[in-house]
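A.B. asks: Below are the chains, spelled out letter by letter.
2 protein chains.
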Amino acid sequence: MKAHVYVTLKRTVLDAQGQTIAEALKRMQYAGIADVRQGKYFLLTLEDGLDPVAAEAEVNRIAREVLTNPVIEEFSVRIEF
Amino acid sequence: MKAHVYVTLKRTVLDAQGQTIAEALKRMQYAGIADVRQGKYFLLTLEDGLDPVAAEAEVNRIAREVLTNPVIEEFSVRIEF
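As given, the protein sequences belong to chains Y and A, one line each in that order. Reading the first sequence from the start, the letters are residues 3 to 83 in the numbering used here. Reading the second sequence from the start, the letters are residues 3 to 83 in the numbering used here.
Don't take every hint at face value.
Copies of the same chain look alike in the list, so a pair counts if it works inside one copy or between any two.
Claimed, not checked - The calculated EDC-like cross-link candidates involving lysine to aspartate or glutamate, where the alpha carbons are at most 16 Å apart (straight line), are:
| no. | residue 1 | residue 2 |
| --- | --- | --- |
| 1 | Lys42 | Glu76 |
| 2 | Lys28 | Glu49 |
| 3 | Lys42 | Asp17 |
| 4 | Lys42 | Glu75 |
| 5 | Lys28 | Glu76 |
| 6 | Lys12 | Asp53 |
| 7 | Lys28 | Glu60 |
| 8 | Lys4 | Asp37 |
| 9 | Lys28 | Glu67 |
| 10 | Lys12 | Glu82 |
| 11 | Lys12 | Glu25 |
| 12 | Lys12 | Glu60 |
| 13 | Lys4 | Glu60 |
| 14 | Lys42 | Asp53 |
| 15 | Lys12 | Asp37 |
| 16 | Lys12 | Glu49 |
| 17 | Lys4 | Glu58 |
| 18 | Lys42 | Glu58 |
| 19 | Lys4 | Asp53 |
Hint data in this document are derived by calculation from the structure and do not stem from the laboratory.
Build out the structure end to end from the sequences listed, making use of the hints.
C.D. replies: Laid out in structure tokens, this is it:
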């Protein structure tokens, strides 16, 4: 069982890194990009034989308490069975 | 239209950052985590009115040529219409 955790800056927080990438892409003549936001991605491999519901709760807890800074970031989780 | 690009270190490349997170989670008593790998996540917002096939090709080109270091990284792309 694998868990994918995506952490991004909140919409209201300026993403200077993403803006820099978007401007670079424009300068490099790549077409059609209106905006870029950069975030972090974590792939968690879970131990075998875990209860799916409990595992999902634990992953959400890890994402909320460890992987995300709740002041400026938000996260989403996808579990892959 | 949005494009999600996920960049991770290749399986064969040591992910020291991911290992450090996995060890920290164990020390912090979070249960059930066998392995952690960290990567990057890019959310590209595409301009309106693009041809979906051409847009997907362009995003793949950007991911391959700009966002990924092909020596040590690999990427996957998900387009959201």
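A.B. asks: Run every hint past the structure and note whether it holds.
C.D. replies: Structure-based check of each hint:
Taking identical chains as interchangeable, the C-alpha atoms of Lys42 and Glu76 lie at most 16 Å apart whether they share a chain (11 Å) or sit on different chains (15 Å). When the C-alpha separation of Lys28 and Glu49 is checked against a cutoff of 16 Å, the pair qualifies only between copies, where the shortest distance is 12 Å, while the shortest distance within a copy is 44 Å. Both within a single protomer and between protomers do Lys42 and Asp17 lie at most 16 Å apart by alpha-carbon distance, with minima of 13 Å and 14 Å respectively. In this homomeric assembly, Lys42 and Glu75 come within 16 Å of each other (Cα to Cα) both inside a single copy, at 10 Å, and across copies, at 15 Å.
Taking the closest pair of Cα atoms, Lys28 and Glu76 never come within 16 Å of each other, the shortest separation being 27 Å inside a single copy and 23 Å across copies. With identical chains, the CA atoms of Lys12 and Asp53 are never at most 16 Å apart, being 31 Å at best within one copy and 29 Å at best between copies. Within a single copy, Lys28 and Glu60 get their C-alpha atoms only as close as 41 Å, which misses the 16 Å cut-off; across copies the closest is 13 Å, which meets it. For the identical chains of this complex, Lys4 and Asp37 are inter-copy neighbours only, at 9 Å across copies versus 30 Å inside a copy, given an alpha-carbon limit of 16 Å.
In this assembly of identical chains, Lys28 and Glu67 lie within 16 Å of each other by CA distance solely across copies; the values are 14 Å between and 37 Å within a copy. Taking the shortest Cα distances, Lys12 and Glu82 never come within 16 Å of each other, neither inside one copy (25 Å) nor across copies (19 Å). Taking the shortest alpha-carbon separations for Lys12 and Glu25, neither the intra-copy value of 20 Å nor the inter-copy value of 28 Å comes in at or below 16 Å. When the C-alpha separation of Lys12 and Glu60 is checked against a cutoff of 16 Å, the pair qualifies neither within a copy, at 23 Å, nor between copies, at 26 Å.
For the identical chains of this complex, Lys4 and Glu60 are intra-copy neighbours only, at 12 Å inside a copy versus 29 Å across copies, given an alpha-carbon limit of 16 Å. With identical chains, the CA atoms of Lys42 and Asp53 are never at most 16 Å apart, being 26 Å at best within one copy and 29 Å at best between copies. In this assembly of identical chains, the alpha carbons of Lys12 and Asp37 lie at most 16 Å apart only when taken from the same copy (15 Å versus 27 Å across copies). Taking the shortest Cα distances, Lys12 and Glu49 never come within 16 Å of each other, neither inside one copy (31 Å) nor across copies (21 Å).
Proximity of Lys4 to Glu58 under the C-alpha cut-off of 16 Å is restricted to the intra-copy arrangement: shortest distance 10 Å within a copy versus 26 Å between copies. For the homomeric pair Lys42 and Glu58, neither the shortest alpha-carbon distance inside one copy (19 Å) nor that between copies (22 Å) is at most 16 Å. Taking the closest pair of Cα atoms, Lys4 and Asp53 come within 16 Å of each other only inside a single copy of the chain (13 Å); across copies the shortest separation is 34 Å, beyond that limit.
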